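Asks: Sequence:
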Amino acid sequence: MNKNIMIVGVGGQGSLLASKLLGNVVMASGYDVKVSEVHGMAQRGGSVVTYVKYSDKKVYSPVINEGEADMIISFELLEAARWLPYLKKGGTIIVNNQQISPMPVITGAASYPENIFDKLDAIVDDLIVVDALRLAEEAGSAKAVNVVLMGVASRTLGFSEEAWQNALTACVPEKFLELNKKAFVLGQNR
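At position 163 of the sequence shown the residue is numbered 637 (the working numbering), and the sequence of numbers has no breaks.
Simulated from the structure, these hints should not be mistaken for lab results. This one's a predicted model, so the numbers in the text were calculated from it and none came from an experiment. Among the hints, a few may not be true.
Unchecked claim - Below, in silico cross-link-like pairs of lysine-lysine (BS3-like), each with a Cα-Cα straight-line distance of 30 Å or less:
1. Lys494 - Lys649
2. Lys617 - Lys508
3. Lys593 - Lys532
4. Lys532 - Lys656
As the list claims (entries may be wrong) - Simulated restraints, written as ranges between beta carbons of each label pair:
5. Glu648 - Ser529: 26 to 34 Å
6. Ser529 - Pro587: 34 to 42 Å
7. Ala616 - Glu648: 18 to 26 Å
C-beta: ideal position from N, C-alpha, C; glycine also.
Using the sequences plus the hints, can you model the full thing?
Replies: So this is what it looks like as structure tokens:
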């Protein structure tokens with residue numbers, strides 16, 4: 475059993491914590507796991523991608539090539555479209571419906587693409603769209619979008635609730651733990 479998961483978004487959205495949580499859960503569940511470093515201009519609001527590969531055998535590289543991702547977890551709508559070629563046929567995309575304008579849109583050099591949902595829906599068999607920002611705000615902080623999306627992903631990944639809760643406790647600073655646990659549950663129950 476081999477699984478390839480991509481976590482994509484915009485710098486500052488918390489993809490590092492999300493990949494750390496997932497890596498923790500996978501490792502605690504007895505799999506070999508490799509998590510890549512973040513690629514992209516995270517500090518500038520640019521596109522960011524993290525690879526999480528796991529298997530019941532040895533994983534030698536975290537890199538995921540086009541057509542190999544079983545799941546893409548996207549923190550932003552345009553990023554889901556940008557990384558779509560990496561999804562394997564029959565794969566799952568979990569996408570936050572939030573739109574964050576990239577620098578060319580902000581400067582007026584480009585416009586934000588239209589009809590992204592329709593394009594994704596026409597291509598992806600298993601598309602899960604979430605208003606993760608609303609759920610994160612309901613939990614107490616817009617910064618919890620990442621954990622909301624991990625809650626959504628937890629429903630399809632098959633790891634135990636105990637593994638997820640232990641990962642939250644291990645990875646989230648104590649002063650933010652209850653808020654993030656609430657965000658996780660909101661994602662699970664969305």
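Asks: Each hint should be assessed against the structure and marked as holding or not.
Replies: Hint-by-hint comparison with the structure:
1. Lys494 - Lys649: holds (18 Å)
2. Lys617 - Lys508: holds (25 Å)
3. Lys593 - Lys532: violated (36 Å)
4. Lys532 - Lys656: violated (34 Å)
5. Glu648 - Ser529: 26 to 34 Å: holds (32 Å)
6. Ser529 - Pro587: 34 to 42 Å: holds (35 Å)
7. Ala616 - Glu648: 18 to 26 Å: holds (20 Å)
Hint check: violations occur at hints 3, 4; the rest are consistent with the structure.
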